[in-house]
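Heads up: the sequence lines are chains A and B, in that order.
Quick note on numbering: numbering that gives the first Met the number 0 labels position 224 of the first sequence as 223, and the sequence is numbered without any gaps.
Quick note on numbering: numbering that gives the first Met the number 0 labels position 457 of the second sequence as 456, and the sequence is numbered without any gaps.
Bear in mind the hints are in silico, worked out from the structure with no lab data behind them.
All C-beta atoms, glycine included, are put in the ideal place defined by N, C-alpha and C.
Mixed in with the good hints, there may be bad ones.
Each pair of labels, with its calculated beta carbon distance range [unchecked claim]: (1) A:Ala216 - B:Asp370: 37 to 43 Å; (2) B:Asp317 - A:Ala191: 51 to 57 Å; (3) A:Ala216 - B:Leu473: 53 to 59 Å; (4) A:Glu22 - B:Gln97: 55 to 61 Å; (5) A:Ala216 - B:His639: 55 to 61 Å; (6) B:Asp378 - A:Arg17: 17 to 23 Å; (7) A:Arg8 - B:Asp378: 43 to 49 Å; (8) B:Asn40 - A:Asp203: 35 to 41 Å; (9) B:Glu147 - A:Gly93: 52 to 58 Å.
Each chain, letter by letter, is given below.
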Amino acid sequence: MKLTLHVWRQPGPGDKGRFETYEIDDVSEDMSFLEMLDVLNERLISEGTEPIQFEHDCREGICGSCGMMINGQAHGPQRGTAACQLHMRHYSDGDEITIEPWRSAGFPVIKDLVVDRSAFDRIIEAGGYVSVPTGSAPDANLIPVAKETAERAMDAATCIGCGACVAACPNGAAQLFTAAKVSHLNMLPQGAPERLERVADMVDTMEQFFGSCTNMAECEAACPKGISIDFIAMMNRDYLRAKFQSRR
Amino acid sequence: MAIDTSNLTTGGALDGKVPQGDLASLWTDHQFDMKLVNPNNKRKFEVIVIGTGLAGASAAATMGELGYNVTVFTFHDSPRRAHSIAAQGGINAAKNYQNDGDSIYRLFYDTVKGGDYCSREANVYRLAEVSLEIIDQAVAQGVPFAREYGGLLANRSFGGAQVSRTFYARGQTGQQLLLGAYQALARQIDAGKVTLHNRTELLDIVVVDGRAVGVVVRDLLTGEITSHSAHAVVLATGGYSNAFYLSTNAMKCNATAIWRAHRRGAYFANPCFTQIHPTAIPPSEEFQSKLTLMSESLRNDGRIWVPREADDGRAPRDIPSDERYYYLEERYPAFGNLVPRDVASRNAKERVDAGYGVGPRENGVYLDFADAIERLGTDAITEKYGNLFEMYERITGEDPYKVPMRIYPAPHYTMGGLWVDYHLMSNVPGLFVIGEANFSDHGANRLGASALMQGLADGYFVLPYTIGNYLAPLLGEPLVDTDHDAFTQVTKDVRGRIDHLLSVGGTRSVDWFHRELGKILWDYCGMSRSEESLKKALSEIPALREEFHSDVRVLGDDASLNESLEKAGRVSDFFELAELMCVDALDRNESCGAHFREEYQTEDGEARRDDEEYRYVAAWESNGVGNAPTLHKEQLEYEHVELVQRSYK
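All chains, please: the whole structure from these sequences, using the hints.
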C-alpha cells in the first residue's frame with residue numbers, strides 16, 4: 000500500500016523542529032509500524048538524507064523503548080499495543096499518518112522522535128524498591144502472598160515505563176507510571192514496611208518533573224499494558240495517609 | 000583474505016582454576032579460602048560495570064551494597080531496557096517445592112546433560128546451589144512470582160527436565176527479575192554508591208602491564224569520548240546472536256564489548272555454540288527486522304505437529320488427528336514436546352526441509368493448544384499464556400485460541416563468549432565477564448529458564464565475592480591515570496575507527512551489509528553445518544567485510560545521536576566475530592548440542608559427540624583481523640557425571 004507520512008524532524012534539543020512529508024509506496028500489511036519506518040529510513044539513506052531517529056529495541060512490546068504519537072494517539076490506534084507491535088494491516092492504501100515524539104515538558108526532545116525519559120529513573124531512585132541486602136533474604140515461601148494479591152501486584156508491575164501515560168495526559172502528568180510502581184510494592188507484604196515513606200518520596204519526586212493529575216483517564220486508555228487508574232486511587236490514598244502520619 | 004584454517008596453531012593449555020575438594024561444598028569452602036577486603040577498605044576500590052541487564056545490574060547493586068565504588072555504563076536510556084527484560088518463561092531453582100524429586104544435584108545433572116557435557120562441572124554445581132538463594136532474594140525484593148491459592152509459590156516445567164522447578168511471573172519473568180535488579184541498583188544510585196552513565200557505549204578496554212585498568216566510552220548524545228580507570232572492569236553485555244541479523248535478540252544487542260576485549264587479549268571460548276530456539280514466529284518477508292520468540296513454556300501444554308502428507312493444503316482444523324504427525328511425542332516418548340531446545344529445533348528443521356512445513360511460506364510447524372483448551376478450559380490457558388497469545392495475534396493477525404500457532408527455530412542465546420575461570424575472570428587479570436557474555440555454564444546448549452538463573456547467580460552471588468579475592472592484594476595500589484599512554488593510544492584507535500566509518504561515503508546502508516552477513520551465517524553456520532558450508536562462509540565473509548569497509552554509507556556526524564554510526568561499529572565487529580564462529584565450527588569435528596555437524600550424526604540423526612578428541616573448551620586468542628587465531632584448550636574433566644550419548648526417548 001501507499002502512504003503519506005508527516006514526520007517530526009528536529010536535529011537537536013536546542014533546534015526548532017518541523018514536519019517533513021514522505022511518500023512511501025511499498026508497505027506490506029505484515030510489516031510492523033517500526034519496520035515500515037525502517038524501510039523508509041533505508042530509502043532516505045540511499046537518497047543521502049539522514050534517517051529518522053526513533054527509539055526502539057526489543058520490538059516485542061516489553062522493553063518500553065519505542066513510543067511515538069501516531070495521528071495524535073500514543074502508540075497509535077490499537078489499544079493495549081506498543082508501537083513496535085502495531086502492524087500495518089490496520090492501515091489502508093492512501094492513508095496519511097502524522098508521527099511525532101512524546102509531547103511533554105517532563106520529556107524533552109533529544110532528536111526527531113527520541114525524548115529523554117530519565118525523570119522516570121529519578122522517581123524509582125526516590126524509593127521504588129524494597130530495601131533488602133543481597134544474601135539476607137528468608138526462604139521464599141516463608142511469607143505467603145495470597146494469589147489474588149500477587150496477581151494484582153503483577154497487574155501493576157507489568158508497566159514497561161514507555162511514557163505513553165505522560166504523553167497522552169493533557170497535563171503531562173506521570174501519575175499512572177508512579178502509581179503502578181508504588182502500588183506494586185505497597186500491595187505486597189515485602190514492600191509494606193516502607194509503604195508510606197515510599198509513596199511520599201516517589202510522589203514528591205514525580206511532582207518535580209511532571210504536571211498535575213486531573214483524573215482525565217487518558218493515561219489508562221493509552222497504556223500499552225492496560226494498567227488501571229485504580230492504582231492512582233490507591234497511590235493517592237497511601238500518599239494522604241503518609242502526609243497525615245508525618246504531621247503527627 | 001580468507002583465513003588459512005588448514006594449519007591452526009595451538010597455544011598453551013588453560014586452567015579453569017577450579018578449587019580441589021568435594022563438589023557439594025566446593026563453593027562454600029572456597030568462599031572461606033578467598034582473600035577478603037575489609038569493609039572499610041572496599042570504598043578504596045573502583046569497579047566499572049558495563050551493561051545493566053540481570054547480570055550487570057545485580058552485580059553493580061551488590062558491589063555497591065558491599066561498599067565498593069561502582070561506575071556503571073549502559074547504552075540504554077535507562078537500565079530497565081536491557082534485553083533481559085524480554086525473557087518470558089521463567090527461572091529455574093532446585094527448591095523442590097513440588098516434592099517431585101528435585102535437588103541441587105538433579106538441577107546440576109540436567110544442566111550438564113542438557114549442555115551436552117561441554118560445561119565445567121564445578122561452575123554448574125555452584126549455579127544450581129545458589130539458585131535457591133536467587134529465588135529468596137527476588138521474592139524479598141517484591142518480584143510478583145505466580146502463587147498457588149495457599150499463598151505459596153507456583154512452578155511449571157520446562158524443556159530438558161522431568162521436574163517442575165521453574166518459577167515464573169506470567170510470561171514476563173525476565174521483566175520482573177530485571178526490574179528487581181534495576182530497583183536494587185536504583186537504591187544504590189540514590190545512596191551514592193553507584194554512579195550510572197546512561198546512553199554511553201563501551202568502545203574499548205585499556206590494558207596496562209597485562210591487567211585491565213579501564214575503559215574508553217562514547218556518549219551517544221554528544222559523541223564525546225572519555226576514559227575511565229578502575230581497579231577492575233566487569234563486562235555484562237549479553238550475547239551476540241544478532242550476528243545472524245535475524246534473531247530473537249533486541250535490535251541493539253551486539254558483541255562490541257566482548258569483541259574489543261578479545262582484540263585486547265581476552266580469549267573467546269566456543270564461539271560456534273549458538274542456541275537456535277525452537278519456538279519463534281517464522282519470518283514472513285525480506286523487510287523483517289527481527290524474530291519474536293514465543294516462550295518455551297508453551298510447550299508444556301501445546302502439542303507440536305505437522306501433516307503426515309507433504310504439501311497438505313487443508314486448514315489445520317480440517318486435518319484429523321490420525322493424519323497429523325506429533326513428531327516429538329512419537330520420536331521422544333519420555334520427554335515428548337519438552338525435549339531440549341537443540342533437539343526440538345533440529346526436528347522442526349528436519350520436517351520443514353523434508354517438505355512438511357506449514358503456513359503461507361511452508362516454513363513452520365504447528366504448536367497446537369486445542370487439546371489443552373478442551374482439557375483445561377480457555378480461562379486456564381488465558382491465565383497461563385494470555386499475554387503470549389495476544390502477542391502472537393498482534394504479529395501474525397491469527398488467533399491462537401482458534402488456529403494453532405506457527406513456529407520455527409531462530410537464533411537466540413549464545414553459549415559461547417569470553418573465556419573465564421571459576422572466579423569469572425578472563426585470562427586478562429582484572430577483566431571479569433558475567434552472564435551471557437561469558438561462556439561458562441551452559442555447555443553446548445542451554446536449558447530453558449537457566450539464563451535468568453545464571454545472570455543473577457553471577458551478579459548477586461558469585462562475582463561480588465570473587466572480585467574481592469582479586470582486589471585484596473591491590474590495596475593501596477593507585478589507579479592508572481587516564482593520561483597514561485595506554486589510554487591515549489586506545490582513544491586514538493577508537494577515534495580512528497569512528498572517523499573511518501563516517502568517511503567511507505559508500506553506497507550501501509549498514510543494515511544492508513548486516514542482512515547479507517546474516518544470510519551467510521544462517522545458511523552456512525546455522526542450525527547445521529558441514530565442512531563444505533563452513534569453508535564457503537570463510538571465503539565469503541572476508542570479501543563482504545572488505546566491501547563493507549569500502550562501500551558503507553553512514554550519514555550524519557559524530558556530535559549528536561546517530562544510530563547509523565552506532566550500528567556501523569557493531570556490524571563491523573560482527574564481521575570479525577562471524578569469521579571466528581566459522582573457524583571454531585570447522586575445527587570442532589564432532590556434533591554437540593547446538594553445534595550440529597552434518598558429517599557427525601548417529602544413524603537416527605542425533606548429534607554424535609567425539610569425547611576422545613573434543614572434550615575441551617576451545618578458547619581462541621586473537622592475532623588481528625584476517626589472521627588465523629591461536630587455539631587454547633581447557634580440558635573438561637567429568638568426575639561426577641558419566642558421559643553418555645544424550646537420549647530423551
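task: Compare the structure with the hints numbered earlier in the document and write down the numbers of the violated ones, lowest to highest.
output: 6
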